[in-house]
Structures are given as C-alpha cells and as structure tokens.
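Asker: Respectively, the protein sequence lines represent chains W, E, Y and V. For what it's worth, the numbering used here labels the leading residue of the first sequence as 132, then goes sequentially. For what it's worth, the numbering used here labels the leading residue of the second sequence as 144, then goes sequentially. For what it's worth, the numbering used here labels the leading residue of the third sequence as 4, then goes sequentially. For what it's worth, the numbering used here labels the leading residue of the fourth sequence as -13, then goes sequentially.
Derived by calculation from the structure, the hints in this document are not laboratory data. A couple of the hints might just be wrong.
What the hints assert, rightly or not - Pairs of lysine to any residue residues, derived as SDA-like cross-links and limited to a Cα-Cα distance of at most 20 Å, are as follows: (1) E:K581 - V:R138; (2) Y:K55 - V:R541; (3) Y:K59 - V:H533; (4) E:K581 - V:A91; (5) Y:K59 - V:R542; (6) V:K406 - Y:V317; (7) Y:K59 - V:A91.
Said to hold, decoys possible - Taking beta-carbon pairs under 10 Å as the criterion, some of the chain V residues facing chain E (in silico): (8) L5; (9) L7; (10) T34; (11) A56; (12) A115; (13) F116; (14) R138; (15) A146; (16) L162; (17) G169; (18) T540; (19) R622; (20) F626; (21) L637; (22) L645.
In this text, a Cβ means the ideal position worked out from N, Cα and C, and glycines have one as well.
Now for the letters of each chain:
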Amino acid sequence: MGRAPVSSLAFDIAHLLAGGMLVLSFVLLYQDRVTAVLNVFALQATALALSVAWQSVVQNAPHLIVTATVALAVKGFIIPAALHRIVRRLDVHREIEQVIGGGPTMLAGLGLVALSILLVQPVGERAGIIVREDLAFALAVVLLGLLMMITRRNAVTQIVGFMSLENGLVLAATGAKGMPLVVEISVAFSILIAFIVFGVFVFRIRERFDTVDVSALDSFRGERRDHI
Amino acid sequence: MIAPVDLLLVIPAVAIPVLALVTSYRLGAALNVLACALTCAAGVALLFGERVRSELLIVDDFNIFFIVLTTFVGFTTSIFSATYIAHELEIGRITPVFLRFYHAMFQAMLGAMNVALLANNIGLMWVGVEVATLSTVMMVGIYRTPEAIEAAWKYFILGSVGIGLAFFGTILIYLTAQEVLGEGLSAMAWDLLAQNAGRFDPRLMSLAFVFLLVGYGTKMGLAPFHAWLPDAHAEGPTPISAVLSGLLLNVALYALLRFKMVLAANPSTLNVGAIMMALGLISLIFAAFMLYRRRDIKRLFAYSSIEHMGIATFAFGIGGPLANFAGLLHMTMHSLTKSAIFFAVGHIAQVKGTQRIADMGGLSVTHPVLATGLALGVLAIAGLPPFGIFASEFMLVSSTFARQPVLALLLIVGLLVAFGALILRLQEIVFGPPKGPKDPVKASYLPLFIHLALVLVAGLWLPGEVVRWFRAVATLLG
Amino acid sequence: MALILELALQGLQMVLVVAIAPLVLGITRKVRAHLLRRIGPPVLQPYRDIWKLMHKEAVLAHNASWIYRVAPYCIFAVTWVAAALIPTYATGLLFSWSADLIAIVALLGTARFALALAGMDVGTAFGGIGSSREMMIASLAEPAMLLIVFTVALVAGTTQLSAIATIFTTAPVGLRVSLGLALFALMFVGIAENARIPIDNPATHLELTMVHEAMVLEYSGRHLAMIEAAAALKLVLYFSLIACLFVPFGMATGDKTAGAIALGAAVYLAKILVLALLLPIGETSVAKMRVFRYPIFLGGAFAAAALAVFLLFVSRGF
Amino acid sequence: MAVTIGLWCVAALFAVSLLTLVRGPFGTAFVYGATLVISLMALALGLTELIGARVSTVALPLGLPILDGAHFRIDALTAFFLTVVNLGGATTSLYAIGYGRHEEAPMRVLPFYPAFLAAMNLVVLADDAFVFLLSWELMSLASWAIVLAHHRDPANMRAAYIYLVMASFGTLALLLAFGLLAGADGGYAFAAMRAAGPAPLAAGLAVILVLVGAGSKAGLVPLHVWLPLAHPAAPSHVSALLSGVMTKVGVYGFVRVVFDLIGAPTPWSGLVVLTLGGITATLGVLYALMQHDLKRLLAYHTVENIGIIFIGLGLALAFRANGMDVAAALALTAALFHVFNHSVFKSLLFFGAGAVLNATGERDMERLGGLIHRMPQTAIVFLIGCMAISALPPLNGFVSEWLTFQAILVSPQLPQWGLKLAVPAVGALLALSAALAAACFVKAFGVTFLGRPRTPAAANASEVDGFSLAAMFILAGLCVVAGVLPGFVIDALAPVAKALAGDVMPKQVGVPWMSIVPIGESRSSYNGLIILAFLICLGTLTALAIHRFATRATRRSAIWDCGFPLDAPQTQYTSSSFAMPIRRVFGTVVFGVHEVVDMPRPGETRAGHFAVRVIDPAWRFGYGPLARAVASLSLRLNHFQFLTIRQYLTLVFCGLILLLIVVAAWR
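Given the sequences, and given the hints that come with them, work out the whole structure.
Answerer: The structure is reproduced here in structure tokens:
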C-alpha cells in the first residue's frame, strides 16, 4: 500500500490500531478452538474501541466516545461472556469444523486484503490519507468477517464472524469525518448482535446454520426432495 | 394542523404502542385497519398538498407515488389480515398475545417503510429499510413451528449481512459526498447528492454502488442473494407474504434506484446498468426454472416475485426513458397484483387447510369466486392482457429488442418459461376434479378485487398525472 | 343464327364423344383379344352390353342410400362434360373456355369422388378396398398431372385447351424433348386413371388386386350401365386429350366451314383409332403390378414430368 | 363513422359477456341470440365497407400510456376480415342456439363466447401494436377458457395448456417484430410503422418473426401442434370458430404486418413463406388422413388449408418483390378467397361433426357409420362441405385453388432461379395435397355416414334441431354460390389487392357468361355456372331418359359382396384400413408410423390384434426434447432450494467478491 508520510502521528496511531484489527481478524481465521476465538474477538473489540476513541480525539468529535464505550462494553465483555456461557450450556463442539482448511483460508484472506487495497488505492486523490488507510483496513476486516462466517460450521464462530464484520463497519463509519448517526447506528448494531445471540440461546439453534444431515434440513424447507 | 408528511410517520408511531396494549382481538384488528386507513388518507392528501423538502424528509415525483401505493396496499392488506387472522385465531395457530405483537409489528413495518420512502437522507432511509426488515423477521417466525423459525432465522442472518453491506456502501457514498458538500447531513441528502454527483469521485461511487447493490439486492431477493425470500413467504402469515412481496421488495428497489439516480448524474462512473441487467436476467431465468418444481403454493408465488423483481431490475439496468417507464409501471403493477394473489392464496390455503398445490385441485368447482380471483391474478402476473403487467412487459421487451436483440431473446426465454410454469400450476389448482374440503369461505373479497380492478384499469388507461411522474422519474434515472 | 350454329357445333362434339366411346372400348378389347390369340367379342359388343344393362332391373342392397343411386348418373354426367370440353375436331367452340385443363382434371376428380363414395355406400370390404386404392392412385397421379399441365402451359403460355391446340398447330413450336416427356408422363397417368394394366385389370373379378371393379361390385342394371359408359367415356377423354395436346393437327382452327369441320372430324377419328390400337399393344406387353409397386410406376410419370419442366427452364432459360 | 360502429359492436359483445358473468346464465338462447344479432350488424358493416372501400380511423383515449391513445382503423383488408369473422360468428351463434342447449356446464362457455368474438373483431380493427397484441392475446385467453369447458378430462387440460403456451410464444414473437418496426423510441402506431419503412435486414427479420408469431396462431408446421389438440377439445361450435375463424385472424396478422406495415418485400421472404406453405399443406393433410377422431381430422385439415393460403401469400410476396403487381394481385386474391372459402366450409364441417357428436356421443369414426339414413339433412350438408374442401368443381374450394394454380403458372416469369425451381415443386405439393384431401374426405364421409352402423349409438342416432340445420344449410348454400359465381367475390377483393399488391385482377363481373379470367382471356378461364348447369342437365336428362325409355324397375335384396357376404358391420373398411395404402406409401418417410400386428397361429383361438401408432414428428424431434430439457434443467436448479444458510452466505460472498473484482478491473 502507498507509503504514508511518517510525519503525521495521527495517521501512525490510526494506522497501528486499524492494522491491529486486521491482524486480529487473521488470528480469528486461524483459530480452531471456540474459547480461543472468543478471546481473540474480545481483543479485536478492544482494539476497535481504542481506534474509535482515537478518531474522536483526532476529529474532536466527543460523541464518538459513546460508540467506543459501547463497543468496549458490549463486544469486549458482555457478549463474549454470554457466548462462553452458551458454549458451556449447549455444549457446542469445542473443536470448530472448518469447511476449508486453515492454509487455504489464510490464502483467501490475503487475497481479500489485496483486493480491498486494490479497490481503495486509486480513491485517494481527494480523500484524506487517514480515510484511505482506514477504508482499506475496514474493507478488509469486513470481507474477512464474511469469509469467517462462510468457512466455519459452528454457530458461535459464525456469530463472531458477523461481529467482526460489523467491527469493520464501525471502523469505517468512525473513519468518515463527521458522519451523522454513527453513534446511533453502532448502538443499533450492538442490539442486532444481542438479538442474534439471544436467538441462538433461545431457539437452541446450534448447527442449524449448517448441518451435515441434509434430510434434517429439508424438513425445514416445507418441501421435501421426494416431491421432486 | 400537522402536515400529512408528518402524519405518515406519526400515525404508525402512535399505533404501535396502542396496538401492543389492546388485548381484545376485534378491537386490535379494527384499530389496525383504522390506523392504516388514516395513513392511507395522509398519503393521498400528500397528492394535493405542496411538495415538502427538509434536511431529513422529502416528497418529490419519485416517492410520492410509492408512498400512496405503499399506504394503499398496507390499508387493503390490513382489511385482509383482519379476516385472515380471525381464522388463524379460531384454529388456534396463534395466541392473542402474539396477535398484539403481530399488530404492533405490522404498524412498525408500515411506519418504517414510510420512513424509508420519505427520507431525504441516505442514513435515515437505511434505518427505515432495516427496521422494516427486522419487524418482518419477527412476523415470519410468529407461528413458531420449526419451519417458521428456520425461515425467520435464515431471513434474519442473510438480512443482517445485507444490512451490513448496505451500510458500508452508505458510508462510502457519504465519504465521496463530504469531500464536495462538506461534513454533516447535507452530504447525505438525496437532492443535494443528485445535484452535485457530477463532482464526486466516480471510483468510490462505483465501489459504493456494488455494496449497495448486494445489500439492498438481498432485500429485493435478487438471485443469488434471494435465499431468504421463498421460505419467508411460505412460512409466515399470508398478510406478511403479501406485504413482503408487494411492498418491502419495492422499497428496497426504490432505495437502489435512488442511488442509481445519483450515479446516473455522473457519467464517468462504472456502467452499473450492465451489472443490473445481468443480475436481473439471472434472477428472471433462475426463478423461472425454479417455478416448475414448486409444490407449496406460497413458495411458488414467492419465486414469481423474484422473477418480477428481476424483470424490473433489468428494465432499470437497460435504462432509457421507455425501459425506465416500463420498469416503474412493472414495479407498481407487480406489487398490486402479487398482493392480490396472496390475498386469494391466503383464503384458499385456509379453506383447503393446506399449502400443498397437489391437495387443492378443482377450485373452480368448490369455490368459484376465489378461483376467479386467483385465476385473474395469475393471468395478470403471467403478463396476459388486459392487465397492467402486459403493458409494462410490452414496452420493455419491444424496446429492448430494438436496442439489444440478444438480451431481449434471453428476456423472452425467461418470460416464456415462467409463463409455462405459472399456467401449469394455475390449471392444476383451478381446474380438474375437485379435491379437499368444500365448506364455504369466510373471506373479504373486497381487497382482492379492488387490486385486480386497479391492475385491469391500469392495463388499459393510466391517469395523466401518473404518466407525467413516471416520465419525469424515467428521465432522471438515465 | 350464329349462336345457334355455335351451339350446334358444341352439341355435335358432345354427341360425338359419347357416341364413339363404346366403340373405342370395343376396338381395344378386340385388338387385345387378337394379340392374345383369341377371337374376342365383336367390336360393337359394348353397345349391346350397355343397352342390355339399361333394360335390366336394378338390384340394390337393403342399406343402399340415395348416394348409391345418384352416383352413377353423376359420374356419367361429369365425365361427359369433361370429355365434351376437350377440343376434338375444332378449336374455339362455344363453351371451350368454360373449363381449362386444370378444371377438366378436377372434374375427373369429382367423378372419382362420387365413385369412391358409391363404393363405400353399401359397406362391404370390397367396396372399401376399391375406394381406398382408387384414392391412393389418384393422389399419386395428381402431382404428375399438374406438372404435365405446367409443361404444356409453359410452352403454350396458357392452360386453355383450345388455345393450346391453336398455338401448337399455328405457331412454330417445333419438336421438344419436354413435350415428349410430358406425353410419356400423360400416358402413364392415363393408364393409371383408366384402370388399365399394369395398374388394374378391367377384365377381372374376384381378385384382391382389383380396384375399379371392386368399387362397382355391387352395381347392376342401369346403374352399372351408366358406370360402364362413364368408364368408356373416360378412356375417350384421355385419348382426345393426348390428341389435342400433342397431335393437334387437322383441327378446324379457323372459321368453321363445313369442309374444315369434316376434315377435323375425320382426322380426329383417325387419331383415336390409332391410340385405340396402340393401347392394347402396350397392355399386353406388360404384367399386372402389385399394389405397392404403383408408387414406382407413377413416380416414373412424376419424374418424367418434373424433368420436362426443368428441361424447359434450361432450354428457354427463363 | 364506420370504425365507431365496429367498436360499438365490440363493446356490445363485451357487455353481453360481462352480463352473463355477473348475472349467471340467462339461458343459452339469450346469449347466442344476442351474439347473432351483433355479429350480423358487424357483418353488414364489413360488407358495406368492403364494397365502399373507404378508410376510416378513430383514436380512443386509452391504451399504452406512452402512446397518444388507442388507434382503430377500417380499410379494405379490415373490412374483408370483418366479413369473414362475423360471417363465422353469426352462423356459429345461430348453430349454437340449438347446439348450446346440450352443454352440461353452460357457465363455462357462455361468458367467454361473446368475449372471444369481440376479441377477434378487435384484432381486425386495431391500428396500433398495443391494441393489436392486447386483443390478440385476449382472443387466445377467451378461447383457452372455452377449451377448458370440459376441464375434468386430463386430455383437455393438456390441450389447453399447450394451446396457451404456444399462443403466448406467438405473441412474444409478434412483440419482437413490432419492437423492430417501432424502433427504440416506441412508434407503436401502425401509421408510424408504415411511414418508417424498416431497413432491409430488420424487414427480413421482422418477416420471419411475424411468420413465427402469426403462423403459430394460424397453425403453420411445425407450430401447429396445439391446433389438433385444442380445436377438438372445445365444444363443437367453438371448434368451428377456432378452426374456421381464429386461424384466419392469424392470417390477417401476417397479411397486415408483412404486406401493409413492412411493405417492399424481398424475393427470398416470398420463397420462405411459399415453401413453408407447401410443406404445411402436405403434412397437414397427411396427418389428417391418419386420424380417426372426426374433429381432430378436421383440425389437421385446417393446417392443410392454412398451408394453401400461405402458398398464395408467398407467391404474392415473390411477385410483389419483382414488381409483377398483377400477378401479385392474382396470388393475393387467391389466398384471401381461400381464406373466405375455408372459413365457410370448415365451420360447416365442424357443425356437422358437432351434430354427429350430439346425435351419437361419438367422435371416433371407427364407432360410427350409416348415419346418412338417420341424419339425412346433416349428411347432405356435410357432403357438400366435404366436396368443397376437397377442391372439387363446381364448388368454391376449387375456385380458390384454381386461382392459386393460375398464379403458380405465372411464376416462370420470375427472375430468381430459386423461385423458378421452387414454385413448380410447391405446385406439385399443392396438387398432391388436393388429391389427398379428396381421399381424406371420401374416408371421412364414407366411414361416418355411409356403410352400416358400427355401434348401437350410431344405429339409433337422430337428426339434429332446426337451428343447427339452418346454420349448416346457409353455409352449404354459400359453398355453392361462391363456387358458381366467384366473380363477385374476386371483385369484392379488388380494393384489398389494390391496397396491398398495388394492382388488381381484371374486373370479373361483366365477362360473358359470368366466367372468371385471372389475368386475361388468352391465358385461361373457368365457368362454374355453366359446368354446374351442364352437370344438372345431362345428369337429369340421362336419368329421365333411362327411366322413361328403358326401365325404372328396382329390387331391394341382401348385399351381394362377390357371393359370400359377411354381414357383421365390423367387416367394413374402417378409417385406419382406408388410410392404410397411403400410410404405407408415405408413412415411414413422413411420420413415424408404428404398426403392431399380433396374429394368432392357425389353430389358436385367441383374438388377433393390430395397433397403429402415428407420432407427429414435431413432437418427437421438436417439443418433446424441449420439454425434457426444461424439466431436467429445473430439476438441477432445484438443488438451490435445499442449501444451508452457510452455503447461501457463500453465494452472497461470491457474488460480492465477483462484483468487487469487476470494479477493481474497471479502470
């Protein structure tokens, strides 16, 4: 990616935090134990919170602090804790079955990062430098989150995938200078996630994300294959 | 005196808590109808008041028509839902508690759609669409059968991902805009965006549109992002299926079109028309073939909704005044017709006690009026005259063939395949030796036949005002 | 006055063809018999047969309908009209233009239609077999006939028989391969249409290969007489068609002086006589065909006619 | 204003149908009586306009929103087809006053019948693409509903389904053609299309598309498959409309677009139409010969006659393309004359079939026979119809085919070698189909009305009611009149020829002795009147003479049958045995005939069996594989209904990545 002017401290820190989130996404992809995944995600949430806080300082937009605290509280502590509970309650397999192995997933992830940089790279003529870097990272985090959702068979890890996707969104939103409604929307997202967790917990949706037993699935499709 | 624009938002907002608290079923249903009627009246009043434009809300040629349509279909659906839900309550498929929840959610959804349509702010519109989605998720799962929960869950997850992607696109649009329009609300206002799009960064806009297309495309049920749609239609209560097909898909497409307008105002952006045409054709042909294997009547018409959304998307993709006009007409006609079909289907499924097409043959013998309604609806949706969809498809196919012969051929292949499937099922349901129970149906035919009458009239004659709006929007869409 | 003369000439032609029809039949039978080393019936026998049949009472099956009784007269009348419209001794007769070659062929089709229906009326297996085969033969012969008409019309520029005759006698048409082929094809078609060997055997009964005789199996008395007469007329019709199309010489083409008329009549009778001599020679030299070899026979006729048309294109180059 | 009157008639018809739909059955007599009256009015209108040869137009504030209203127009062509349509409509209504009484579910026919008539009239009146296609499709829709009248029979359901899908296919083809003619900015008014005059390539493409679109309605091979299924499925009077009239509306569509809107044809388009017509004529009659269901036989014959009509149209195109306008006028007149003739005698024949169906409850000829004794009047009119459709002089069918032949005989003057060689071949095909038609109707009439009854049903049949007979006798009379006085019809068609072919045939009325001369005295002439007079005179004179001077004695006795009569009616020739020789000759080549003979050995006592299966190759090679392809494709795609959420997410992901790559690649 384009070398940034070293002078700007603001850029360096933002760059550091955003990059940290990206790295953590890779770690998430790499993990194959549920508990570890949850811990790593908590870490990423914390990184997000820090980066948002830093943005609020840089853009001197105090309301972003709310977002930061919400992110830290909800995604840093409450939800990981809740998920730990669920894992214990519903004894979800501790081992995460992967659809494609770790190596290929990593390669795919790298490809996605390259793609996102490729996409954002030419944008920068008029966009501020911070915006561009953040955007590249945010896009990469979003795509990696999606990748995680589709390469893991385990409900909990899929929730985590979605949440890291959403981390990317919040990163981008806060990166956009003076964007209205960011706080509200980030809060709304947290509620959304709460709903998902709630759903998993209440409806006992374990592997209904993805079951190997197809016949069981068809019973949930209203039309069975024998009708065909 | 409070302006109709605000009424459109206030009435549902008031109705939600009230309906959530009212315990009596009859009262709740009546209030629901009343609220919808008031909203509809406010929408109609909009036609006569002067156009409004504020930081957050706007009324222009484009959305005024969709607001009237949405509130109207909401109104008719509420009438239908009253009789429908009564029957569901009798056979105990849902409990009074859930019924209160249902009515509240109904209003929430309609209100959210009004927000999305009225919004002059891409963020606000996004919020509207998402709230509408989430409230429908709730209602899809309301029967709490494993199938229903499965459908709702699928809808929820795919919808959430769509939400996220659409939001990312919104952020990108804001980023491009704020470089020109400065920070704050003005960089998210429709009219300003459309006016100044020429000075935005085309690359970022194109990138944004891709995310918006996937995000809102998921809401519209464009293949391959359609997965939630058939099951959500099939497993939820039929009024919800009617509103989903009739309104929510339209609102999502409306959002997409707003963004297309912005892009159309900047010539140096990526040619998104091609992408939309591709997605439209894929949806059309895919859905057309999927129609053949359907055994569940509601799922059948859900796939037909995918098909028609594909047609509309294709129309806007190819662009030009004629095709855009056809697309707008098609959206309108489809929402009226499809909701009418779901009204009929709801009653049919109730009297026959099943949604399996195989178990509901010979309807014209057992329930002639319902059969007539369904037949007219299906013939209309299949694109037969003298109904409105014939007019829109007439314009679309002929003008496309004059410009892009090959695409027109693909288009008619899709249309023909879908036609074959629909007529096959129609004959299976309406004709042949009668099957299933013959007991009379307690139905309100009013909404069904009002919609059909409107579609019929629109197929032969459109008011000059509507034509003027459509022309104006068609030119804006480029 | 002139009109009356015209009518008289037309009437003369009509009477002429009817009058000579049984005689022609008799001659062919006689010649055939001689070729087969038999004495054979006297030449005038057909007159006697028809006369006798006319005076016998007609025996009808119980379920015979009016069609069965009307058909013979209808067939006779149609064949007579068709025969009377072919120029024999003079061109440009009063009604000569009321039907061209195509119409005459179609008139024969009408006669065939009536005959086939009559064959099916009583509802016997023989009648059915006859009708079915008759119609098949006709459907095979028709395209060839049309192409013959096409050839002639190409050369003469008209399908009007007396006009064709006039042109062929007056204008320098010359000897043409196409016309030869057309003649060949027309002979084949004529043999098929008149139920002669090798397509059919006019002198046979109780043979499953018979066509014409199978249709008229139930007939008796005056009805049979009519059908026999019609058959004889049809033979004469084809003879005079060949004469008119391919050897139209000696006809009274100009103004109808008595001399010209007399000459034309004499020449006509001579032509017919020659053809009546040639036909049995051809017949005796071949054997009866199996039913499903008919397509090959008539296919030959069709091929010849088609060849005639195309050769004409090549030669004329138009 | 003529158009206004026409539109009022249409409106009245719609009103009748709506009234019936709302108020329930008023009773058959009312509906058919009303349609009879209205059709008669429209018929009068058509005739007056045809004689007067005026053009009148009107535009209503309806129709396509982007268009300045709905346009309607009456010109010579419209007037002629108005006449044809409403003649059929009037006679059918008259017939149905009697026949309709036997309908068991009248409400499944009554509301749609007037709508069907109205739609057909509207097609003819339409003057812009939208109104045209709208009424075109409405026509299909109404008739579809009627075909479904007896919906409990699965065969009828199948027929109706295939019919509607084929109809919509045709409509889409026409829509594409109109798209070409209207251009990208939608000049959908016919006037605009006439003015535009498309580019040669577009014109050629449009001709093909119209051939497909209108041809599928008219029943051109290989688009004919719906016709023999749907026409028999409907109640007989509606079958008459479908076969006798609606196919003609298809022909109208072709003529209107190709001759009027596109204008300036190219020779090869003439060649294509001509060849297709020839093939259609021959195949149609061959399939007809193989049928033993009376109504299906008639339906296949419609295919044949449509072929003959298209031969004429193709010739007209070819002549027009080479500036031989008189010849074009001749060919066009022949085609339109045949349109009229076929509408007359095909309606007549379907009426007859309906009468037989009523009297015996049978459509299968193998179970009929000897009806001439029980239903004498029906037998007479049916015979006249058979002779007319077999192109036998002096009836009307012959006149139009004779004119077509005359047009064919002009063809050598065409410059193109392809046409030179094709036209005689087509002529031979035409002759072949004429002869086969004769064979086919000998079979139809002979097996149904002659011989001995094969079942009690046939033995106990009774004559039909007066209304039906009246309708049939009117049509039979028309067959004779149009046959002996064709000059009037030809002159009535002159304005049409003038408008579409640019020239007219010489005036016929006033030629001495009322004979007709296609292009000039010298070429050829025909006089049905004199021939008929001669036939009657000679026939009666001979009969009288014999009865007077010879004997009139007659004796009834048992069948002789060559000495050993078999009095079981099953020994008669059946329709399939009648068709056997032709099946043998053409069978293996043209259609996949499949004969199964199971003959017991001598001494075995079991019954022998013989079965024939004739498969329309259009099914075997065309539609069957198509249907199978759709089925298997839908089966494969159906797996997408059974994926898991994660897999659906994968779809979304892949779609997103793909689009992103597109954006990245776009520079």
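Asker: What hints, given by number in increasing order, does this structure fail?
Answerer: The structure breaks hints 7, 8, 10, 18; every other hint is satisfied.
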